[in-house]
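First to last, the sequence lines map onto chains A and B. If you're matching positions, the first sequence starts at 212 in the numbering used here and goes up one per residue. If you're matching positions, the second sequence starts at 1143 in the numbering used here and goes up one per residue.
For the record, the hints were derived by calculation from the structure and aren't laboratory data. Predicted, not measured: the structure shown is a model, and the values here were computed from it. Beta carbons are placed, not taken as given, at the ideal position from N, Cα and C, and that holds for glycine. Careful, some of the hints might be misleading.
Which bits of chain B does chain A cover? Going by a derived footprint, with three or more residues having C-beta under 8 angstroms, they are [said to hold, decoys possible]:
hint	stretch
1	1163-1169
2	1175-1184
3	1225-1231
4	1258-1270
5	1310-1320
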Amino acid sequence: MTNKLITTSPTRRSVLTGMAATGALLATGTTPRFVQAQSSEPIKLGFQLHRTGIGASYGRWYERTATAALKLLNEAGGINGRPVEILFEDDGTDPKRGAEVVEKLATQANCDLIFGTLFSHVVMGSALRAGELQVPYLVCSEGHHVASGALNRWTLQPGITDVKSQVQSMAPWITSNLGKKVTMVFPDYAFGHDHRDFFTAAVAAQGGEVIKQVAIPPTETSFTRYFPQIPSDTEVLYHVMVGPAVLTFVKELGEFYGSGARPEIFGFIDSLEAVNIASTGLEFLEGTHFWEGHPRYKQADAAEHETFYRAAVGVDDNGASVSDPADISTYGHMFSTWETLFVVKAAMEAAGYQGTADRQKVVEAMEAMEAMEEGVEHPQGPKVFNGKTHQVFGLQSISKVEGGRLVRVHQTAMEDGFYPDEVDYTTQSF
Amino acid sequence: MRGLTVLFLLLPGAANAHAGERMVILTLPTGWYLLGAGIAVAATAIVALMARRLPAFAAHRLFDRPVLVTRHATSWLGAALLAGLVTVGIRGTRDPLENLLPLTVWTVIWVGLTLASVLFGHLWRDIEPWTGPVRAIRRLTGWQGSVGLSRLGHLPATLGYLAFAWFEIVSLAPADPFVLARAVAVYYFLILALAVAEGEDWLPQGEFLTAYFGFVATIAPFWAEECDGRLRVMAGLPGAQVMALPPLTPSAIAFVTLVLSSVSFDGLSETFWWLARLGINPLEFPGRSAVYGVNSAAFVLFWAFSAALILGAIRAGLPQGRFATAVGPLMLSFLPIAAGYHVAHYLVALLTNGQYAIAALNDPFGRGAAYLGLPEHWVSFGFLAERRGVQAVWTVQFAVILMAHLLAVLVSFKLSDRIDGAQSFRAHLPMTLLMVAYTVFGLWLLSAPTGA
């Protein structure tokens, strides 16, 4: 590893200059430790981890993916030739603890930046503190909060697309392949409302129509009495139920339609993240479609880096842990920690990052980023970063359940996910 | 017996629900199980009342053996272990699922040792870290007296348990290694000081863990008794030890009702039902910090409510004027429920975090070692996402809760034989109804949708 940590061969001239500078620093009494820090002291990245609390099932996979990416990063030379460490700190999936974790990582542990947060309420509770402490805060949450302008100059989402972009980019394919009359079934709170608002607008823009919105109270655990609200002329049923009653929802939906005619059905994989599609009770999903951020099942045309990524994280071709085929990963989201780490590398190297005094330079370097190529560093696919909105854009997949597996039938174009900027963070002060 | 203690310390154990498990359990016909369990408890009471034949609950001596290592010595070992664990909590990894301190406290001791105690008796007594140091300090200082703490009965232990349960169920970061290390250290020295002042014999009623394990161990079918320097290994129906216990004092009644209600509240506070009462969307639980205040108050109120319900049921069945003398013995019948609830409630934690505890022993210094030969990514929760696995977990939980209540009914009938006027149908009715309700409630807690 040590050999690989030196990325560029220094020229004889730079070595001599460096030696002279070192000599001068020593002579003037400046400690040599600083010189040492410039060359090989590890870069410390803080990771705000949902290790306990409601986010724990995601946190487990986020940690595993980030750890695998870190190993690769260090084997390939680290950042600017310096080894990289990740300090994982549990936030209990709680915004109050989240803010404390940010403070601890930024000040006590002196981390160079912080990343990894998934749950929106923790992001909202922590980003403000990160801004106050002037530490780059990179979220991996797919929430629209970054691009909406609700956060600050120090908060960016460079590793995963936001829900507005995801939802909107589904509309063209759905309206031209599944149907134009859509009924939406969603949980009646912010998460469901985002889907309702973004998708209703996107469908209208495609010449389709959301003919009915069925909002289900979040505390509901049985859904049979809501299904009669679905109009009979519905061509597409769009569902985004989440929580412990999801299996019940699918089961009851199946009972409602029986073996008779049903509309086309489209869902978001968030509903069934970490759940085996071949589970008992999910048979009804056969032939239905899902949005996937990153196809859970390895596709027939998967690129080499996709295979590499799975092996590195320890995930098999079905998206399950290599050690337990029943342990399904949070495949649709966890790539964000991997990709974010490599964005950090690119930004720090572009900024000539030396230490925490250069934190602002990292944000500026990220804001200057544009295209990110698909490859080992970006296994989910190519991306385009919008420096003004601090949000990355990418390709989405639409998969069909075939034989209890998700098979990709469509991949969106980059432009499908674009929408007008809602903020320009670069005009804000640091 | 001491060997078993060590063995069980190596076994897994501790704390938090998994969304996948509840997702699957909601598709199981748990309602029928609840109904069936309620009927089974009611039927047992009716049969016991009509047949008037109850198990003898006799204790049998299996064998005697010499005490190999004194409790004094094993206590020092416990103290040394504790010191080591606190050091690990302060200096070790910040990950609560890799650090051996939270894993030992919340999984190995709180869950694993409870299970072991319910089967093999009062194992905690052999490793509790105070007796040895307390004796030594008292000998060194020459102080052999007491300061009157014993007159408080189980009150100090009740306060200790209340603080502990609040720390576990309500506080923000009970598994944070550093937070926990500080709490453990403060508690250890507090108890050490009090026990030095009062004498080590105060521990079983003054220190909550010793009191707690002492109570749950009375359900064990195997246990050990010390007499004349030898260890007598005993066996008997679960409940045989309960029959030999003196009636519970008022402070011990407070303690037992607190044990019962804290486990119930832990389960209840995570349910959709409870979160809806608080006006919280269970699908986006805002974190413990958002329910900190309300759950602190609700926890104490829930304890008061549970205690009132239990004492009310006992009182309602007894003839006028008998309550004061009968409540102490009759409350003993709730010990099986306290133990059973704990085992069932924490079973999933045992099966999940227990894996982390084993993995931490596999690589205690986080350097990629594999002392137990476990492969990478060994910790795995696939069984909780599959119908087969969840059905198995639910079946065990169902059996434990049901057996605990059946045992409680039988024990309460047996105990009531000693009380004048407590044998009639009318006397048993309120308690039986409470037991039926408690059974259904306990199973509902384990199968209800949760969001926290």
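Each hint tested on the structure:
Check on the stretch 1163-1169 of chain B: 5 of its residues sit with their Cβ under 8 angstroms from a Cβ of chain A, so the three-residue criterion for coverage holds. Under the rule that three or more residues need a Cβ within less than 8 angstroms of chain A, the assignment of the stretch 1175-1184 of chain B is violated, with 0 such residues. Note: the stretch 1225-1231 of chain B has 0 residues with beta-carbon separation from chain A under 8 angstroms; the three-residue rule is not met and the coverage is violated. For the stretch 1258-1270 of chain B, the stated coverage by chain A is violated: 0 residues have a C-beta nearer than 8 angstroms to a C-beta of that chain, whereas at least 3 were required.
Using a Cβ-Cβ cut-off of 8 angstroms, 4 residues of the stretch 1310-1320 of chain B lie near chain A, which meets the minimum of three, so the contact claim holds.
In summary, the numbered hints that this structure violates are 2, 3 and 4.
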